[in-house]
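**Student:** Here are the chains, one letter per residue:
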Amino acid sequence: MFASGEPVKLSFFETVAGLEKVDAEIIMESLRDEYRERSGGIVLREIAGGYILTTHEQYGARLNEVFRERKRETLSRASLESLAIIAYKQPITIPEIDEIRGAGSRAAVFQLLRKSLIKGYGKKEVPGHPTLYVTTAEFLRHFAINSLADLPALQEIKNLQFEDLEAVR
Amino acid sequence: MVAGVVAEPFGPTEESGENAFTVEWVAGEELRKGPLSVLWTLIEGYQVDIFSVSLERITRDFIAYLQARPALDLRLASDFALMAANLIYYKSRELLPHTENELDDGETPLPPELVWQLLEFKKFQLAAARIREMEEAAGEIFYRPPPPPAEPPPAGEEPLLDVRLMDLIMAFSRVYFRPDAGAEPQKEIVASEQFTVTDKMDWLRLRLATVESLGLFELFNERVMARLEMVVTFLAILEMVKQRLLYAAQQGLFHDIRLSLRAAPADAIQAAAPDSPPGGDTPSV
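The listed protein sequences correspond, in order, to chains A and B. At position 101 of the first sequence (counting the first as 1) the number is 101 in our numbering, and the numbers step up by one without a gap. Count along the second sequence from 1, then add 1000; that gives the number in our numbering.
Mixed in with the good hints there might be a few duds.
Unchecked claim - Taking CB as the label site, the calculated pair distances span:
1. B:V1224 with A:P127: 55 to 63 Å
2. B:A1226 with A:V126: 33 to 41 Å
3. B:E1056 with A:G128: 32 to 40 Å
4. A:E37 with B:E1218: 30 to 38 Å
5. B:K1242 with A:P127: 47 to 55 Å
6. B:D1049 with A:L148: 30 to 38 Å
Calculated from the structure, these hints are not laboratory results. For glycine and all other residues, C-beta sits at the position ideal for the given N, C-alpha and C.
Looking at chain B on its own, in the form it has when it is part of the complex:
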């Protein structure tokens, strides 16, 4: 069970005359809060409005929070470091003489860019909470899933599902990440084979010229390929699909993806057209 710390306001202490902070152990979700979330937690703890928050105080508390934290989610570490650096930078800027307004107790308020960033974030944090509520509400209604096709297709014809880009990527990663997949280039051989996307495209064209279609798994299983070769081959497949030279289809949800050459006239090579407008259906490949 992962644990982390959260700062909570404690009460006035003798030495500083302002609120000190105690730390509590909290599990899970708390740990994944980003730096803006943490800043808001601190601000809410002060119980003043955002324009009256002291820059020194929040910087001090933010850094104290970071130091008190035994386990920081590594993915967020750089974001926190950046925020801490920004806060210190704002503080250093205040050292220059200026005629900005000051807070009642002589301390400086938060700089406008930080306030703006905090307000924007809060806007979307609230929106996310609303969307979460919508998600829960949507979980309360049910509807009938599409029925399976009534009759099996006539013999010889295969029903084909539209293959999305995500499906191609998932299929390739299944092949690529198998423990026995791919060979590492041998270290003794200095000149390793060069693989280019163009070469692989030609190779695919050749391979597919004689057969009606070829399965993705079959293609990668024919022989052991160097891992780089596998990647380049996959890139060639994607490029050919984008240029509408290749057609990818799937018989069923977990079937192999079958590739076949399109009977394309030379002018079928178009720049990738924009997808359908936002909110529309995902395009088929």
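Next up, chain A with everything else stripped away, as it sits in the complex:
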């Protein structure tokens, strides 16, 4: 894991160490717990379907100072909204995204494409055959989650009090 620089799939360990899937999982779990308990600089995480050694989040601020050049561009509001919509409703077309956002989303979607956070995945069988968009493995990596199931559940807004809405402003 340390050598590869990419998340390592469980199957790799199964093959190389000659383990059954269940055993490999158990070993990885205990390894992960060990690292956590140690409270050291390195922890084991599952990102984008593989295991990877990363720094502990508590050192984030310090490390950001050190690696200032590695600061990533953050997304614009329109791109973020579009990305959220795609993430939860994929596969989805640009006109559908426009309808939810109430605003044109082409530029935002292209920005997301350029960053490889989304990709086209077939076309919808309606007049015009618009492209369907889905999120990519890069999306998982960028947000450091293991799979789409790790996205927070969508909150249905039935009886929101206005105090709750303040939080979003």
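Start from chain A and add chain B according to the hints.
**Tutor:** Chain B alone, transformed into the frame defined by chain A:
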């Protein structure tokens, strides 16, 4: 520095007996809010729940907001115009006799389709905020980037990177948008040359038959092409890649993209196969 306006609730006034609005100058981000965002800002200002909002009031305030705004981001202008038109349409619908429920003060509530649209939007607005938090949290952890290859490849072999569609497009736009690139068809000549994708595909096949590979930049630099010709040629390249007749590879991140014919049997021409399932890796070209 770009400035815009935002509407804030002010307080009851004598004439209307309800909240009037004052305007404030806000910079940057505020300007790029879409119409649904603005509607929510107004609703939050009223401090009532969404089912008690008066249609007349929000329409009036929304249009006032638009009129008060000196600078509207042009890309959003049509979206705002559409929302304003919709609001007025809903109002006009209310003129027809109906037995819908009314609000306490005799005013009409928002129509269900608008409420639904607002709620859906709010759902994703919240989701976007959460995703932003995740992005920040992800910015707090670091991991080792893949190490460079340990040894240089054996002489004669070139390591090739997979070329993605985006790379092809970026490379072509670099060539196309150069100031000296391409010639405009001369206006005196009435019959201009016709360029078709099929012709260009044949031309590419010919060009690549004699050489092992050809660089994208080389291809477009060989002679001055009309801009239309450049576009058609690029489309031909894309079509041939899609049909698996052509192979595109890159030696390094900023190297030229090299094109070569695939040694393809006739049945290699397939319909573009679906990409790997969502969440998987981007396919290589």
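**Student:** Each hint should be assessed against the structure and marked as holding or not.
**Tutor:** Structure-based check of each hint:
1. B:V1224 with A:P127: 55 to 63 Å: Taking Cβ atoms as reference, B:V1224 and A:P127 lie about 40 Å apart, which means the hint is violated.
2. B:A1226 with A:V126: 33 to 41 Å: At roughly 36 Å between Cβ atoms, A:V126 and B:A1226 fall inside 33 to 41 Å, so the hint holds.
3. B:E1056 with A:G128: 32 to 40 Å: 36 Å, holds
4. A:E37 with B:E1218: 30 to 38 Å: 58 Å, violated
5. B:K1242 with A:P127: 47 to 55 Å: Violated, at about 23 Å.
6. B:D1049 with A:L148: 30 to 38 Å: Since the Cβ atoms of B:D1049 and A:L148 sit about 32 Å apart, the hinted range of 30 to 38 Å holds.
Against the hints set out earlier in the document, violations occur for numbers 1, 4 and 5.
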